[in-house]
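Given the sequences, and given the hints that come with them, work out the whole structure.
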Amino acid sequence: MSTPADPRVARLHELLAAITERRFAASLGEVEAALGRWRAGTADTLATHQAVVAHAERADGIMRQTLGLAETPTELIATAAELGLVDADERAALHAAPLPPLVEAPTAAVSPLRPSKRAVAESLLAKGPILVHLDARKPGVAVPLRFASDAKLVLRFGYHLSPPISDLVIDDVGIAGTLVFAGVPFGCVLPWTAIFALIQDGESRGMVWPEDAPADVAVADRADHDDGDTDPEPEPPPPRSKRPSHLRLVD
1 MSTPADPRVA
11 RLHELLAAIT
21 ERRFAASLGE
31 VEAALGRWRA
41 GTADTLATHQ
51 AVVAHAERAD
61 GIMRQTLGLA
71 ETPTELIATA
81 AELGLVDADE
91 RAALHAAPLP
101 PLVEAPTAAV
111 SPLRPSKRAV
121 AESLLAKGPI
131 LVHLDARKPG
141 VAVPLRFASD
151 AKLVLRFGYH
161 LSPPISDLVI
171 DDVGIAGTLV
181 FAGVPFGCVL
191 PWTAIFALIQ
201 DGESRGMVWP
211 EDAPADVAVA
221 DRADHDDGDT
231 DPEPEPPPPR
241 SKRPSHLRLV
251 D
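For the sequence shown, position 58 matches number 58 in this note's numbering, and the numbering has no gaps at all.
Take these hints with a grain of salt, some might be off.
Here are the computed distance ranges between Cβ atoms for each label pair [to be verified]: (1) Pro-7 with Ala-182: 54 to 62 Å; (2) Pro-144 with Glu-82: 29 to 37 Å; (3) Asp-172 with Glu-14: 12 to 20 Å; (4) Glu-211 with Tyr-159: 50 to 58 Å; (5) Leu-35 with Ala-10: 30 to 38 Å; (6) Leu-83 with Ala-56: 19 to 27 Å; (7) Ala-96 with Ala-40: 15 to 23 Å.
In case anyone wonders, no lab produced these hints; they're calculated from the structure. Note that this is a predicted model, so its numbers are computed, not measured. Using N, Cα and C, we set each Cβ at its ideal position, and we do this for glycine too.
This is the structure in C-alpha coordinates:
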(Lines of atoms letter the chains of each structure in order from A and count residues from 1; the text may use other names and numbers.)
(Lines give C-alpha, C1' and ligand atoms only; values in the text may rest on other atoms or scores of the structure.)
Protein backbone atom coordinates (compact mmCIF):
# COMPACT_ATOMS: atom_id res chain seq x y z
CA MET A 1 0.00 0.00 0.00
CA SER A 2 1.48 3.37 -0.99
CA THR A 3 2.16 6.04 1.61
CA PRO A 4 -0.18 9.06 1.37
CA ALA A 5 1.52 12.15 0.00
CA ASP A 6 2.59 14.64 2.65
CA PRO A 7 0.52 17.83 2.08
CA ARG A 8 3.48 19.90 3.25
CA VAL A 9 5.36 19.04 0.05
CA ALA A 10 2.95 21.07 -2.09
CA ARG A 11 3.24 24.02 0.30
CA LEU A 12 7.03 23.83 0.25
CA HIS A 13 6.97 23.93 -3.55
CA GLU A 14 4.69 26.99 -3.40
CA LEU A 15 7.10 28.73 -1.05
CA LEU A 16 10.09 27.82 -3.20
CA ALA A 17 8.38 29.27 -6.28
CA ALA A 18 7.40 32.44 -4.41
CA ILE A 19 10.93 33.00 -3.11
CA THR A 20 12.42 32.47 -6.57
CA GLU A 21 9.87 34.82 -8.15
CA ARG A 22 10.65 37.56 -5.64
CA ARG A 23 14.36 37.27 -6.27
CA PHE A 24 13.90 37.45 -10.03
CA ALA A 25 11.51 40.39 -9.65
CA ALA A 26 14.04 42.29 -7.55
CA SER A 27 16.77 41.65 -10.11
CA LEU A 28 14.51 42.67 -13.00
CA GLY A 29 13.58 45.79 -11.04
CA GLU A 30 17.22 46.87 -11.16
CA VAL A 31 17.23 46.31 -14.93
CA GLU A 32 14.04 48.35 -15.31
CA ALA A 33 15.53 51.16 -13.24
CA ALA A 34 18.66 51.16 -15.41
CA LEU A 35 16.55 51.25 -18.57
CA GLY A 36 14.55 54.13 -17.11
CA ARG A 37 17.72 56.14 -16.50
CA TRP A 38 18.89 55.35 -20.04
CA ARG A 39 15.59 56.47 -21.57
CA ALA A 40 15.73 59.65 -19.50
CA GLY A 41 19.24 60.35 -20.76
CA THR A 42 20.85 60.17 -17.32
CA ALA A 43 22.78 56.94 -18.01
CA ASP A 44 24.86 55.91 -21.00
CA THR A 45 24.30 52.83 -23.13
CA LEU A 46 27.29 50.91 -21.77
CA ALA A 47 26.20 51.29 -18.15
CA THR A 48 22.70 50.16 -19.08
CA HIS A 49 24.05 47.14 -20.93
CA GLN A 50 26.13 46.22 -17.90
CA ALA A 51 22.97 46.29 -15.79
CA VAL A 52 21.35 43.79 -18.15
CA VAL A 53 24.42 41.55 -18.08
CA ALA A 54 24.47 41.74 -14.28
CA HIS A 55 20.86 40.50 -14.22
CA ALA A 56 21.82 37.48 -16.33
CA GLU A 57 24.63 36.68 -13.92
CA ARG A 58 22.31 37.10 -10.94
CA ALA A 59 19.80 34.78 -12.62
CA ASP A 60 22.38 31.99 -12.60
CA GLY A 61 22.94 32.56 -8.90
CA ILE A 62 19.22 32.63 -8.17
CA MET A 63 18.76 29.23 -9.79
CA ARG A 64 21.63 27.82 -7.72
CA GLN A 65 20.05 29.27 -4.58
CA THR A 66 16.72 27.72 -5.54
CA LEU A 67 18.28 24.30 -5.86
CA GLY A 68 20.02 24.77 -2.51
CA LEU A 69 16.75 25.64 -0.78
CA ALA A 70 15.05 22.63 -2.35
CA GLU A 71 17.72 20.40 -0.85
CA THR A 72 17.35 21.95 2.63
CA PRO A 73 13.64 22.40 3.52
CA THR A 74 14.53 23.83 6.94
CA GLU A 75 16.43 26.69 5.30
CA LEU A 76 13.62 27.10 2.79
CA ILE A 77 11.08 27.65 5.58
CA ALA A 78 13.42 30.05 7.40
CA THR A 79 13.87 32.10 4.23
CA ALA A 80 10.11 32.14 3.64
CA ALA A 81 9.58 33.39 7.19
CA GLU A 82 12.12 36.19 6.71
CA LEU A 83 10.23 37.30 3.60
CA GLY A 84 6.89 37.21 5.41
CA LEU A 85 5.54 34.33 3.35
CA VAL A 86 4.71 32.21 6.42
CA ASP A 87 3.67 33.21 9.93
CA ALA A 88 4.80 31.64 13.18
CA ASP A 89 1.88 29.20 13.33
CA GLU A 90 2.45 27.86 9.82
CA ARG A 91 6.17 27.64 10.42
CA ALA A 92 5.54 25.51 13.51
CA ALA A 93 3.09 23.31 11.59
CA LEU A 94 5.61 22.72 8.82
CA HIS A 95 8.16 21.64 11.43
CA ALA A 96 5.68 19.40 13.28
CA ALA A 97 7.30 16.27 11.83
CA PRO A 98 10.52 15.50 9.96
CA LEU A 99 10.40 17.47 6.74
CA PRO A 100 9.99 15.46 3.53
CA PRO A 101 12.56 15.94 0.78
CA LEU A 102 11.63 18.32 -2.02
CA VAL A 103 13.87 16.72 -4.61
CA GLU A 104 14.25 13.09 -5.55
CA ALA A 105 17.59 11.54 -6.38
CA PRO A 106 18.53 12.77 -9.88
CA THR A 107 17.75 10.34 -12.70
CA ALA A 108 19.20 10.31 -16.20
CA ALA A 109 21.41 13.25 -15.20
CA VAL A 110 18.39 15.58 -15.36
CA SER A 111 17.72 17.74 -12.31
CA PRO A 112 14.04 18.17 -11.40
CA LEU A 113 14.83 21.83 -10.73
CA ARG A 114 16.72 22.46 -13.95
CA PRO A 115 16.12 26.04 -15.12
CA SER A 116 13.29 26.42 -17.59
CA LYS A 117 14.08 26.83 -21.26
CA ARG A 118 12.68 30.35 -21.11
CA ALA A 119 14.98 31.29 -18.22
CA VAL A 120 18.00 29.88 -20.05
CA ALA A 121 17.05 31.68 -23.28
CA GLU A 122 16.59 35.03 -21.54
CA SER A 123 19.85 34.66 -19.64
CA LEU A 124 21.83 33.82 -22.78
CA LEU A 125 20.15 36.51 -24.90
CA ALA A 126 21.19 39.12 -22.36
CA LYS A 127 24.78 38.28 -23.26
CA GLY A 128 24.38 38.06 -27.05
CA PRO A 129 22.88 36.02 -29.92
CA ILE A 130 21.89 32.42 -29.34
CA LEU A 131 21.60 29.31 -31.49
CA VAL A 132 18.27 27.57 -31.04
CA HIS A 133 18.35 23.84 -31.82
CA LEU A 134 14.91 22.43 -32.55
CA ASP A 135 12.93 19.63 -34.13
CA ALA A 136 10.93 21.48 -36.79
CA ARG A 137 8.57 18.50 -37.14
CA LYS A 138 7.01 19.12 -33.73
CA PRO A 139 3.46 20.52 -33.46
CA GLY A 140 3.19 24.29 -33.38
CA VAL A 141 6.47 25.01 -35.17
CA ALA A 142 6.30 27.65 -37.89
CA VAL A 143 9.34 27.83 -40.19
CA PRO A 144 9.72 28.04 -43.97
CA LEU A 145 8.25 24.97 -45.64
CA ARG A 146 11.63 23.72 -46.87
CA PHE A 147 12.76 23.34 -43.24
CA ALA A 148 9.52 21.93 -41.80
CA SER A 149 10.76 18.33 -41.88
CA ASP A 150 14.19 19.10 -40.38
CA ALA A 151 14.68 17.28 -37.07
CA LYS A 152 17.87 19.19 -36.25
CA LEU A 153 17.24 22.74 -37.41
CA VAL A 154 19.35 25.54 -35.93
CA LEU A 155 18.14 29.14 -35.99
CA ARG A 156 19.92 32.25 -34.73
CA PHE A 157 18.15 34.80 -32.55
CA GLY A 158 19.37 37.95 -30.84
CA TYR A 159 18.45 41.50 -29.89
CA HIS A 160 21.02 43.36 -31.98
CA LEU A 161 21.34 41.37 -35.19
CA SER A 162 21.49 42.68 -38.73
CA PRO A 163 18.83 42.64 -40.02
CA PRO A 164 17.21 43.14 -36.60
CA ILE A 165 14.46 40.90 -35.26
CA SER A 166 12.14 43.75 -34.30
CA ASP A 167 9.31 41.47 -33.18
CA LEU A 168 11.37 39.02 -31.10
CA VAL A 169 9.23 37.54 -28.32
CA ILE A 170 10.26 35.20 -25.51
CA ASP A 171 7.29 34.01 -23.44
CA ASP A 172 5.81 30.95 -21.77
CA VAL A 173 4.88 29.46 -25.15
CA GLY A 174 8.28 29.67 -26.81
CA ILE A 175 10.38 31.91 -29.05
CA ALA A 176 8.89 33.88 -31.94
CA GLY A 177 10.23 36.44 -34.37
CA THR A 178 10.71 37.28 -38.02
CA LEU A 179 13.89 35.87 -39.54
CA VAL A 180 15.19 36.43 -43.06
CA PHE A 181 15.83 33.38 -45.25
CA ALA A 182 17.63 34.06 -48.55
CA GLY A 183 16.38 37.63 -48.41
CA VAL A 184 12.78 36.67 -47.64
CA PRO A 185 11.34 37.43 -44.17
CA PHE A 186 9.36 34.72 -42.39
CA GLY A 187 7.58 34.85 -39.04
CA CYS A 188 8.97 31.90 -37.07
CA VAL A 189 7.30 30.33 -34.05
CA LEU A 190 9.28 27.84 -31.95
CA PRO A 191 7.39 26.21 -29.05
CA TRP A 192 9.53 25.19 -26.10
CA THR A 193 8.43 21.60 -26.69
CA ALA A 194 10.30 21.63 -30.01
CA ILE A 195 13.52 23.13 -28.64
CA PHE A 196 16.15 20.75 -27.30
CA ALA A 197 19.23 22.98 -26.98
CA LEU A 198 20.08 26.65 -26.46
CA ILE A 199 23.70 27.64 -27.06
CA GLN A 200 25.45 31.01 -26.92
CA ASP A 201 26.57 31.87 -30.45
CA GLY A 202 30.33 31.51 -30.79
CA GLU A 203 30.73 29.97 -27.32
CA SER A 204 30.15 26.66 -25.56
CA ARG A 205 27.86 28.18 -22.93
CA GLY A 206 24.28 26.94 -22.93
CA MET A 207 22.08 24.00 -22.05
CA VAL A 208 20.84 20.82 -23.72
CA TRP A 209 17.63 18.91 -22.96
CA PRO A 210 18.40 15.37 -24.24
CA GLU A 211 14.93 14.14 -23.30
CA ASP A 212 13.43 16.51 -25.90
CA ALA A 213 15.91 15.75 -28.68
CA PRO A 214 14.89 13.56 -31.65
CA ALA A 215 15.98 9.94 -31.30
CA ASP A 216 18.31 10.26 -34.29
CA VAL A 217 20.14 13.31 -32.92
CA ALA A 218 23.01 12.57 -30.55
CA VAL A 219 23.38 15.31 -27.94
CA ALA A 220 25.24 15.46 -24.65
CA ASP A 221 23.67 16.83 -21.47
CA ARG A 222 26.02 19.81 -21.48
CA ALA A 223 26.83 22.62 -23.85
CA ASP A 224 30.62 22.31 -23.92
CA HIS A 225 30.64 19.01 -25.81
CA ASP A 226 33.55 18.00 -28.02
CA ASP A 227 32.74 17.82 -31.74
CA GLY A 228 34.99 14.77 -32.16
CA ASP A 229 33.07 12.84 -29.50
CA THR A 230 29.88 12.97 -31.57
CA ASP A 231 31.46 11.53 -34.74
CA PRO A 232 30.58 7.82 -34.98
CA GLU A 233 33.36 7.13 -37.51
CA PRO A 234 36.85 6.26 -36.26
CA GLU A 235 38.47 8.03 -39.21
CA PRO A 236 40.39 11.25 -38.54
CA PRO A 237 37.83 14.07 -38.22
CA PRO A 238 37.91 17.21 -40.37
CA PRO A 239 39.12 20.50 -38.85
CA ARG A 240 37.17 21.30 -35.71
CA SER A 241 34.19 23.57 -36.02
CA LYS A 242 32.55 25.70 -33.38
CA ARG A 243 29.27 23.99 -34.28
CA PRO A 244 28.63 20.21 -34.11
CA SER A 245 28.62 18.60 -37.53
CA HIS A 246 25.24 16.99 -37.00
CA LEU A 247 23.49 20.33 -36.44
CA ARG A 248 23.00 22.83 -39.23
CA LEU A 249 22.65 26.59 -38.84
CA VAL A 250 20.14 28.35 -41.06
CA ASP A 251 20.65 32.09 -41.46
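- Query: Does 50 to 58 Å hold as the CB distance between Glu-211 and Tyr-159, or does it fail?
  - Reply: violated (29 Å)
- With respect to the beta-carbon atoms only, verify the hint that Leu-83 and Ala-56 lie 19 to 27 Å apart. holds (23 Å)
- That 12 to 20 Å hint for Asp-172 and Glu-14 (C-beta), does it hold up? holds (19 Å)
- Query: Is it true that the C-beta distance of Pro-144 to Glu-82 lies inside 29 to 37 Å, as the hint says?
  - Reply: At roughly 52 Å between Cβ atoms, Glu-82 and Pro-144 fall outside 29 to 37 Å, so the hint is violated.
- With respect to the beta-carbon atoms only, verify the hint that Pro-7 and Ala-182 lie 54 to 62 Å apart. holds (57 Å)
- Message: I want to verify a distance hint. Is the separation of the beta carbons of Leu-35 and Ala-10 within 30 to 38 Å?
- Response: holds (37 Å)
- Task: Take a look at whether the Cβ-Cβ distance between Ala-96 and Ala-40 falls inside 15 to 23 Å.
- Result: With a Cβ separation near 52 Å, Ala-96 and Ala-40 fall outside 15 to 23 Å, so the hint is violated.
Checked against the numbered hints above, the structure violates hints 2, 4, 7; every other hint is satisfied.
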